[in-house]
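Since the structure of chain A is already known, use the hints to place chain B on it.
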Amino acid sequence: MYGFEAMTFNIHGGYLEAIVRGHRSGLLTAADYNNLCQCETLDDIKMHLSATEYGPYLQNEPSPLHTTTIVEKCTLKLVDEYKHMLCQATEPMSTFLEYITYGHMIDNVVLIVTGTLHERDVQELLEKCHPLGMFDSIATLAVAQNMRELYRLVLVDTPLAPYFSECITSEDLDDMNIEIMRNTLYKAYLEDFYRFCQKLGGATAEIMSDLLAFEADRRAVNITINSIGTELTRDDRRKLYSSFGLLYPYGHEELAVCEDIDQVRGVMEKYPPYQPIFSKLSYGESQMLDKAFYEEEVKRLCLSFEQQFHYAVFFAYMRLKEQEIRNLMWISECVAQNQKSRVHDSVVFIF
Amino acid sequence: MADHGGGGGCCPPMDLFRSEPMHLVQVIIPIESARLTVSYLGDIGLIQFKDLNAEKSPFQRTYASQIKRCAELARKLRFFKDQMSKADVKSSAKSEAKAEFNFDELEIKLGELEAELTEVNANNEKLQRGYNELVEYKLVLQKAGEFFKAAQSRAEAQQTEASSQQAAEDSLETPLLKDQDSTADQGKQVKLGFITGLVPQGRSMAFERILFRATRGNVFLRQSSVDEAVIDPHSGEKVEKNVFVVFFSGERAKSKILKICEAFGANRYPFAEDLGKQAQMILEVSGKLSELKTTIDAGLSHRANLLETIGKQYEQWSELVRKEKSIYHTLNMLSIDVTKKCLVAEGWSPIFATQQIQDALQLATVDSKSQVGAIFQVLHTKELPPTYFRTNKFTESFQTIVDAYGVAKYQEANPGVYTVVTFPFLFAVMFGDWGHGICILLATLFLIFREKKYSSQKLGDIMEMTFGGRYVILLMALFSIYTGLIYNEFFSVPFELFSPSAYACRDAACSEATTIGLIKARDTYPFGVDPAWHGSRSELPFLNSLKMKMSILIGVAQMNLGIILSFFNALYFRNPVNVWFQFIPQMIFLNGLFGYLSLLIIVKWCTGSQADLYHVMIYMFLSPTDDLGENQLFPNQKTVQLVLLLLSLIAVPWMLLPKPFILKAQHNRIHQGQSYTPLEGTEESLQVEAGHDSHDHEEFEFSEVFVHQLIHTIEFVLGAVSNTASYLRLWALSLAHSELSTVFYEKVLLLAWGYNNWIILIVGIIVFIFATVGVLLVMETLSAFLHALRLHWVEFQNKFYEGDGYKFAPFSFALLVDEDE
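From first to last, the protein sequence lines are chains A and B.
Quick note: the first sequence, position 150, residue 139 per this note's numbering, numbers continuous.
Quick note: the second sequence, position 217, residue 273 per this note's numbering, numbers continuous.
Bear in mind the hints are in silico, worked out from the structure with no lab data behind them.
Quick reminder that beta carbons are idealized off the backbone N, C-alpha and C, glycines included.
Check each hint, because a few of them may be wrong.
As the list claims (entries may be wrong) - In silico DSSO-like pairs for lysine-lysine, Cα to Cα no more than 27 Å straight-line:
| hint | chain 1 | residue 1 | chain 2 | residue 2 |
| --- | --- | --- | --- | --- |
| 1 | A | Lys329 | B | Lys112 |
| 2 | A | Lys66 | B | Lys294 |
| 3 | B | Lys142 | A | Lys66 |
Unchecked claim - A few chain B positions that, by computed beta-carbon distances, are all more than 12 Å from chain A:
| hint | residue |
| --- | --- |
| 4 | Ser95 |
| 5 | Ser113 |
| 6 | Gln116 |
| 7 | Ala143 |
| 8 | Phe159 |
| 9 | Ala262 |
| 10 | Glu284 |
| 11 | Lys333 |
| 12 | Glu439 |
| 13 | Phe523 |
| 14 | Leu553 |
| 15 | Ser601 |
| 16 | Met606 |
| 17 | Leu705 |
| 18 | Gln853 |
Here chain A stands alone, though its shape is the one from the complex:
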């Protein structure tokens, strides 16, 4: 039904689209960030945030404030908004919204499994989990000894179950194969999400495939950079790349054989959309790459609001909000540790 979404979209999606656009206009602006960056203490930050949408969430916090409290409350707001939208959503939008959280679910699974591997307290780990990626039996993950158990015990009940088909081994868990598991899961998740969006069709498919392709490419680059100098073989490395995106398939071939960061750069600069990202970096540098990618992502996410009658705005809003929370966390950390000169290192302005 491409081109006719406008006729029927508002029947089910109109209210939520209005809501999400309303939320979007509550995002902090560059002026807000400028003000926040000038703050001297965390209380100043609280004071400034109390004039924004975050106000009601922070106003009842007693005064010696911690960065974690700020981040926690801001995340709580995001979660509340998400839950409200999910409650109101009908099919297929509710599925779409659920898909957004699977990434957090994977992160949480990995967090708990690694945590228990290093014998950390489960409750403590649970507190660190992202609330969007929680599921009922998440704490039980601690019981599992290897992938097979992990799958059979817990994950078979979760939406992540189908993604596991590729990584069930009886090997005991260690840091290396947990990381591989994370990437395999993420790959399967992205591919599944991509397929789902294609099935939805229309503007959603168009915009989401662009956003997801960017995500997949970014992961491919990150995997490559992180696996340089490890014992991961080239074939294994290539298995972790998602089977779509701008780099697929030829770029993946080239990335798989990269041995250092400059080679990665050489590969990426062949792709016009990624050229500006890498041209900003000096040779041999990978520190600022994350920020450059985030900036590009934010730009693309913001653009998705230019079109109407599609679901990508929900995805974009959630991502932007997460970026905003990351920004707030960075700013508050810098303020708390008196490192204000470094504030601009990692803050990505959204507007």
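Leaving out everything else, chain B in the frame of chain A:
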């Protein structure tokens, strides 16, 4: 603008007719007395401070830290309030003992109280947790005990069955080994470990499933739901829970199960297998429970006492904190001098308040023992001052009706004055029934008599609106009693109140009274409509014609009032162009056509002529030179009509053309003149000149002005017709109202009466009452209200009202309370 303050000389000063004259004042306050000064000014509540630090973010302002302190105190107070509402402690509205608190003292005091309260809470929580744990333990003991007992009795039953079987088989070939087998089985059973505990009911299924998977089915789980929700010791929430017993074998299984229990938030409790021990444990636990209960009660009563003392002063504290916060917010709007010795405030204040403000400044200087007094001076500005009407509780709601459309421009004629009378009157024209009027009067009198009580408490949405408009409703009710008497309707029943009807029957039988007609027997009925009209065949034609004509008369009168007000505005703002090229042609146009119609209506009423007014009006346009024939109402009518028509035709270009050209000429003149006038010496005139400069350098777009005037003219010319027609809603609504009430009276009440059955009668009366209250008193009131509102906003106010001002929003403690709630 300030020199217009004298009242323009055209009319005596009226409080409501023009908004208060305002001036921009500057107050320079020494920093040591700043807080006190602002606080005193807040008590007066007649200055609207301007934000002089608009470009600074909140935490960069001078008093950011004080505001932070206030926010912290407000947070503590919210915490207290939360705790009080949880403990059902009411804060006493106003404490008698008015202990004056210093801000710093209050801060310390609140801090102490908060610490104490949190400590008490923590202790209570700890105790409560212990208590809840014991409650859970007891439940486990009871439920699990039941499992074991049931299992045991079943096992015994099985055993006896088995043994009886054995006994039966014994006689034949009993292998001695079998006994040993069973004992060996028993021995194995003993090695089975078990865990007992509680798991939330919602998660029990998942719990069971995971247990099964983790141990590959090598568990035996029994669950039993607890009847009442128990309070979870960790979260403190009420949860429905299941008691479970898991049997397992082996250490690995045990550690897995323990982990799973932990993951599911299942609380485990030790459990003795021995029946005797169980009973003992239950006794022990019950004893501890009752002990803990008394401790908890003591703790709770301590907490209640604490909250009680907080509750006594809560209102006072929160008011103080609110005040302090608003004071510092205001102080933050003032710009600080370079020397940091004084603050500079700018703001609007009404001229009459000057003395009051100066007194307050004086007092603040004295009270704060400052050596330097605050300096008060008036600034000259071209900025438009805010609009401020001094209303009382009666006029306030009428002013609100006007403000809802748009706040009056500074010192423009305020339609609110006339609205006080015309609004309820137009309403009543549509709602003419003195029975209904009395009902509404009683309702609103009830509100007015309980005014003191209601104004202090919070009401519901609709109730609050009704209460706010109680004086509007009062006048509406009084006027509708008046018009109801004129229409002679009491729940649609006519009464011969003032004298017997003027008409009488032709003969004694009077059978055809409603159809053929009556003869006039007495003098004309002295007030309102003769009751004899009611129910006659010619009732509707008569009333329609009456009400329609009345609507036009009222409409033309009100529109004329609107145009006259535009004249007063032009006079007041010294704008002769508007008088000559707007007011006069508008008057001529409206009165040449519809004023003449009104005149004809009155003449027709007075003379009893049978002329057809439609015909007269229509042919006045179509063929003005034709003879009027039988439609002539007065001599020379044709000439008069011709003159009026010509005047109206001239009035249109008169309105349209001259004004834009004159404006253009004025603009050019000012511009030319300006470049040659020598500047005068005084600083004041310099300032004024500068103001002029910036104002007049705006581009003069002739085409824009012309199009604007064109639109204005077209609007007026078409509006004269359509607005007059719009006033016919007065007739339409009043017709609808009387017809509806007739229907309810005749088709419900009289019909029920006709059955001669008291049950039907009661049902009929109930239906009648509900229909009258629901449809006529509520819905009809609302619709007539809305129509009256429209007639005021559109038909009346578009003749003169600009409504582009902004409201005076003073810094005042009295207004603070409403804002917060």
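Hints, verified against the model:
1. A threshold of 27 Å between alpha carbons decides the hint, and for Lys329 of chain A with Lys112 of chain B the separation of about 20 Å falls inside it, so the pair holds.
2. With a C-alpha separation of about 25 Å, the suggested pair Lys66 of chain A and Lys294 of chain B falls inside the 27 Å cut-off, and the hint holds.
3. A threshold of 27 Å between alpha carbons decides the hint, and for Lys142 of chain B with Lys66 of chain A the separation of about 24 Å falls inside it, so the pair holds.
4. Every C-beta of chain A lies more than 12 Å from that of Ser95 of chain B, the closest at about 23 Å, which supports listing it as non-interface.
5. Listed as a non-interface residue, Ser113 of chain B fails to keep its Cβ farther than 12 Å from every Cβ of chain A; the least gap is roughly 4 Å.
6. The claim that Gln116 of chain B is not at the interface with chain A is violated, since a C-beta of that chain comes within 12 Å of its own (minimum 7 Å).
7. The beta carbon of Ala143 of chain B sits about 18 Å from the closest Cβ of chain A, which is more than 12 Å, so the claim that it is off the interface holds.
8. The claim that Phe159 of chain B lies off the interface holds: its Cβ sits roughly 17 Å from the closest Cβ of chain A, which is beyond the 12 Å cut-off.
9. Here Ala262 of chain B does not stay apart from chain A, with its beta-carbon only about 6 Å from theirs, under the 12 Å limit.
10. Its beta-carbon lying about 24 Å from the closest one in chain A, Glu284 of chain B satisfies the requirement of being farther than 12 Å from that chain.
11. Under the 12 Å C-beta cut-off, the non-interface status given to Lys333 of chain B relative to chain A holds; the minimum distance is some 32 Å.
12. For Glu439 of chain B, the non-interface assignment is confirmed: its Cβ lies about 26 Å from the closest Cβ of chain A, beyond the 12 Å cut-off.
13. Against the 12 Å criterion, Phe523 of chain B stays outside the reach of chain A, whose nearest CB is about 30 Å from its own CB.
14. With 12 Å as the threshold on Cβ separation, the claim that Leu553 of chain B sits away from chain A holds: the shortest Cβ distance comes to roughly 58 Å.
15. The claim that Ser601 of chain B is not at the interface with chain A holds, since no C-beta of that chain comes within 12 Å of its own (minimum 51 Å).
16. Here Met606 of chain B stays apart from chain A, with its beta-carbon at least about 48 Å from theirs, past the 12 Å limit.
17. No Cβ of chain A approaches the Cβ of Leu705 of chain B within 12 Å, the least distance being about 51 Å, so the stated non-interface status holds.
18. Annotated as non-interface, Gln853 of chain B keeps its C-beta farther than 12 Å from every C-beta of chain A; the closest such distance is 34 Å.
When each numbered hint is compared with the structure, violations occur for hints 5, 6, 9.
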